[in-house]
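One letter stands for each residue in the lines below.
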Amino acid sequence: MGAGGDSSESRLGGNGGGEGGVTVNIRCSNGTKFMARTNLESTVGSFKALLAQNCDIPADQQRLIYKGRILKDDQTLQSYGLQADHTIHMVRGFAPSSSIPPPSATTNVATDNTTPGVTRGIGSNDGAGLGASLFPGLNPLGGGGGSGGFGLFGSGLPEFEQVQQQLTQNPNMMREIMNTPAIQSLMNNPELMRSLIMSNPQMREIIDRNPELGHILNDPSILRQTLEAARNPELMREMMRNTDRAMSNIEASPEGFNMLRRMYENVQEPFLNATTMGGNNGNTPATNPFAALLGNQGGSEAGSSPINTSTTGSETAQGQTSPNTNPLPNPWSNTAAGGGTQTNATARPNPAGDARTPGVGGMGGLGLPDLPPMLNGMPDASQLTQLLQNPAISQMMQSIMSNPQYMNQIMNLNPQLRGMFDMNPQLREMMQNPEVLRQMFSPETMQQMLALQQSLLSLNRQQSTPDSAQTGGTTAAPGTANLDLLMNMFGGLGAGGLGVPNQPDVPPEELYATQLSQLQEMGFYDTQENIRALQATAGNVHAAVERLLGNSGQ
Amino acid sequence: MGSEGSSVVVPRNFRLLEELERGEKGIGDGTVSYGMDDADDVYMQSWTGTIIGPPNTVHEGRIYQLKLFCGMDYPDNPPSVRFQSLINMTCVNPETKVVEPSLFPMLANWRREYTMEDILTQLKKEMMSPQNRKLTQPPEGV
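Residue numbers (the working numbering), protein chains in the order written: chain W, 1 to 554; chain X, 555 to 696.
It should be emphasised that the hints constitute simulated quantities derived from the structure, not laboratory data.
Be a bit skeptical, because a hint or two may be false.
As the list claims (entries may be wrong) - Below, a sample of chain W positions facing chain X; criterion: calculated Cβ distance under 7 Å:
#, residue
1, S29
2, I65
3, K67
4, R69
5, K72
6, T87
7, H89
8, G523
Unchecked claim - For each label pair, taking beta carbons as the anchor points, the in silico distance ranges come out as:
#, chain 1, residue 1, chain 2, residue 2, range
9, X, Q638, W, S195, 57 to 67 Å
10, W, Q520, X, G625, 12 to 22 Å
11, W, A52, X, P655, 38 to 48 Å
12, X, P684, W, Q75, 32 to 42 Å
13, W, Q520, X, T690, 48 to 58 Å
14, X, N567, W, S195, 27 to 37 Å
15, W, L235, X, N567, 29 to 39 Å
As the list claims (entries may be wrong) - Straight line, CA to CA, 25 Å or less: simulated SDA-like cross-link-like pairs of lysine to any residue:
#, chain 1, residue 1, chain 2, residue 2
16, X, K621, X, T644
17, W, K48, X, S639
18, X, K679, W, G31
19, X, K579, W, Q83
20, W, K72, X, K678
21, X, K651, W, R69
22, W, K48, X, G615
23, X, K651, W, I70
24, X, K579, W, Q518
25, X, K579, W, S42
26, X, K679, W, R63
27, W, K48, X, K651
28, X, K621, W, N54
29, X, K678, W, R63
30, X, K579, W, S517
31, W, K72, X, T644
32, X, K579, W, N54
33, W, K48, X, E614
34, W, K48, X, T644
Note that CB positions come from ideal geometry on N, CA and C, so glycine has one too.
Isolated chain W, as found in the complex:
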């Protein structure tokens, strides 16, 4: 029936043009469409007269239907709630045939397709669109984040993987960060690490599917070891050599190779599946923290101990030969590269040391990439300020702030900031002055900034109640867009500067109490599902809604 709908399209501009009316779509019963400009104050009768000039149905035979109602001649268009870009159906009344297309349709060139695309938002089946139009402009940059959890707070760093790359290319920085007291204390708390890992939906899925991997997570000493290893390249290399030896021993024994293969099937494949799966969903490594992790880990390894990168590639060619004393080739380096989710070239030769359950080594880096999303999710200013008052954090902040190099790096990574600096060299100078930075990042200033941000956020939310969402994304005024930019910037700075999860021991029901009740009010009644979505999005209601709707769309 509706197939004919696209047969022809025509546009009648000019006619009512001068007096600033709106454009509405007219859809004839035979499937043709055209657009007409009209003033909403005009009556239906005069509107029909206007339409009669552009189609072959005389005004007295036209029957217009909008939102299921037949428009009466003496009413104004406004009284029916007509708005720009809405569609009115036109039927020929009293006449037996309505199948002759209006002549204008054939003569006019079909120009631009202005059908709903612009304001489609809600109509589209994918939840992302819906969310975006429900909360227009809230997250202009985070759009690509998808389920990645770059939330309201930190979307200022959309190229988070860039940071990671930067980090991995600079092992010193990585090590320094790993050595900061905050991260150290984090690592010494296996419970915390566990919750961190579990809060990553992809990791959780892997563990759900492979209980044997869960054991590894439950063993704090292994965790600590891997973390330790991530921090200390020497240790890492040592560990790798050990495992290589062990591997070669295994392989030399009968049935050994089969065992290795089983191990590969049981351990490596789920990981790879998970990573590639995530890659499909998210397109970028940023949305797949796990993929980034592997890259991150491999990269830092490659940076600090180049021997691995140089050897693995060539050794795969050897295949399994007689036992030798060299570190064994990485049996799955090919597949790892085939995963193809990494853009970081240095990360490709997955260091053979990962052999002892390849993923676990990767988890070493988990703390880092996962932190910013968690930070992003903290919608509660008080939580953040609490965090800021934590001596360990402030110490870390200070050490970062007092190091202009760090700051520079962080700033250069943020394209918005970079753009700002390029336009405004004074600002750059200012930002490079440690004194200014310290002031800027003093707890008081941060608190004020957060308060500001909070109020801006609530303002934004008010604006984007479902009512205004009907008109789609257009409600995001340019003014607020700028504010968003500002907020993102702050958020980005914050995320770049500090990274520690908030109160990890609090059960999610409490942690996300406000967000949960918000979701309830919106009509999402499955608390478990809500919690899962909130955890995955680090407490960002907006992203959680997108996630919930996006999932249900499949």
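Chain W is fixed; fit chain X onto it per the hints.
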């Protein structure tokens, strides 16, 4: 990801907003139209739909208006559907003009994914069915 998504249900208001937009923008099959009666009704309960009589039937050239009422249990349960215009149709109670779920399988076997647009389209198909296309119709009117 899909494993956990299957159990999530789209809440009522999200769903109705989506339908509202489709109705206003005229997305989809162009032969039915529908919209909310009262834009201020936060519960989005009362809707009006229009079916343009399908060609080559007795309904051709007619426009049928219907009232659809989405209870708070929509879309878990179907809306109630009542013709405003006079119509002679097998699934419509001639007295109350209500579309009887027992005679209209779509309502009887309601599924959550069905929309009001689906109902209207299905009703239009019903008008084209052999038992309905030739039924004599009352004079047009309410």
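Hints broken by the structure, by number, lowest first? 5, 15, 24, 27, 28, 30, 31, 34
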